[in-house]
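There are 2 protein chains.
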Amino acid sequence: MTVYLIGIDGGGTSCRAAVAGANGSILARAQAGPANILSDPDTALDNIASATHAAFYAAGINARSIASARAVLGVAGNNVGEAVHYVKNRLPFAQADIESDGLIALQGALGDKDGAVAILGTGTIYISRHCETVTYVGGWGFTVGDLGSGARIGHALLQETLLAYDGIHDMSAMTASVLAEFKNDPRNIVEFARQAKPGAFGRYAPRVFEHMKQGDAVAARLLQEAAVSVDEALDRLVARGTQKICLLGGLGPLYSSWIAARHQSLLVTPEGDALSGAVALAVSRFGHLKAIE
Amino acid sequence: MTVYLIGIDGGGTSCRAAVAGANGSILARAQAGPANILSDPDTALDNIASATHAAFYAAGINARSIASARAVLGVAGNNVGEAVHYVKNRLPFAQADIESDGLIALQGALGDKDGAVAILGTGTIYISRHCETVTYVGGWGFTVGDLGSGARIGHALLQETLLAYDGIHDMSAMTASVLAEFKNDPRNIVEFARQAKPGAFGRYAPRVFEHMKQGDAVAARLLQEAAVSVDEALDRLVARGTQKICLLGGLGPLYSSWIAARHQSLLVTPEGDALSGAVALAVSRFGHLKAIE
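Chains as they are written, first to last, in the numbering used here: chain A, 20 to 312; chain B, 20 to 312.
What the hints contain is simulated information worked out from the structure, not anything from laboratory work.
Errors might be hidden in some of the hints.
If several chains are the same, the list does not tell them apart, and a pair holds so long as it fits within one copy or across any two.
Listed below are the simulated DMTMM-like cross-link pairs for lysine to aspartate or glutamate, each with C-alpha atoms no more than 25 Å apart in a straight line [claimed, not checked]:
#1 132 <-> 101
#2 263 <-> 185
#3 202 <-> 101
#4 132 <-> 229
#5 132 <-> 185
#6 132 <-> 254
#7 232 <-> 61
These figures come from a predicted structure and were not determined experimentally.
Please construct the entire structure, taking both the sequences and the accompanying hints into account.
Structural data, given as structure tokens:
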């Protein structure tokens, strides 16, 4: 009986699964709803199972093979023992490792080579590998971390809009558009911000990049400040020996022309995505094993 | 029957009351628990009544005179109509005006003169009066406002500690002391910050001023950034005509040597406190009225 390998990329907005043969050749991929093991482990388990079933179905493999399959999962919150324990004991696979979403992204982008990935999305985290040592920088979340992230850029835009409303900073086309969206009443911004989660702030980040392209000086200033914080983190990775950098996440491509020239010269194109990284890790860990009957 | 005037300074940590004769001479002051009309209006009403009763008792006036007294209350949240309506209808006075805590502070500090107060505490707000027009700047709260406030300075300290932990910024004696307090585990900082209210962040602000005095370069940088945001707000007030500035709030005295020289030359000592300002407003509004029987 063939033992299939499974890669899972579980995120707060969706969960992706890939099924592969023992050599790592991916047979099919599929997607399901969110898989946040910290905030909602049961839904995460449901969606991990759904995505896996869909991938097996797409590959034309009987779902009964899931029970003998071996998986590597990349998820946020893999460092929280309690959540990992809960999920790991309830997975439908014969064997599974739960790793960070960052590690599978690193593996997907760089394969077995040394280097670093900067995951620049709603949050920010940097993962580097140097002589088999994997190091994490940042990733502390919106409240006191994630500098340069979409959430922080969106937050900065709302704060800047209030400063412009008060006449403390100059109003620009960008801040005027935000103020108009909140019916020109700053209290609506305050109320929105009071309840906003990082993703809600992050939805304002693309607007800053758009207005920057149209020459908005305030947008350029906010992005310059964000890029400085990304460059400072990258400096730290370079000081530790990083010579290759992949920019990942929704803001990765946008940042590629905003980071410092000293870092632009180190940029490389990712070899594959996080899901292919999860599969690659499954191959190296479980590819040599026989079926457990 | 004498009609007494009452001033109330209601805040999130305590409520103060003063009772005065019709000419505004303060007969006694007293204090009770918090009076936040937004978060807990019934407790606020209880504490407003308690502080008032205590002031009347201290002045040797029968508490029955409270029902014929006229009051001015300065509170946070006076711009939220629903909360004001609820509280105003339940006050034990013959007549009362509910104003902002900022307005009574302005009145107390400057009397009837033009000028501005910068209230620099857990939050920040600026109130100016110019030719009888009162203007508010800032005061939007911790999430997207209150730059330069104790809460924002404390927040910046925690964020800076994580940057130092990651090696992105240099560790200083100050950030090392914070990290040690959180058992050298950055996750404890993240967890604290996740649940912290502005006051909890603000309790870290005095530490920044202390370390600045001891020559800590990181402390000096954080305070410089905070002072720039205060100076930018003061620039706005000066552009509107302000020629006198009082720095109030817990951080007011600490900021007096950190703001720009152009603003230091405009600083004046406050004539009185917010409670005396509330009484002064009560005199000007109600001092000429006869008793309502």
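Results for each hint:
no. : hint        : verdict
1   : 132 <-> 101 : neither (32 Å within a copy, 62 Å between copies)
2   : 263 <-> 185 : between (44 Å within a copy, 20 Å between copies)
3   : 202 <-> 101 : between (45 Å within a copy, 20 Å between copies)
4   : 132 <-> 229 : neither (35 Å within a copy, 47 Å between copies)
5   : 132 <-> 185 : between (51 Å within a copy, 23 Å between copies)
6   : 132 <-> 254 : within (19 Å within a copy, 53 Å between copies)
7   : 232 <-> 61  : neither (43 Å within a copy, 52 Å between copies)
Hints 1, 4, 7 from the earlier list are contradicted by this structure; the remaining hints agree with it.
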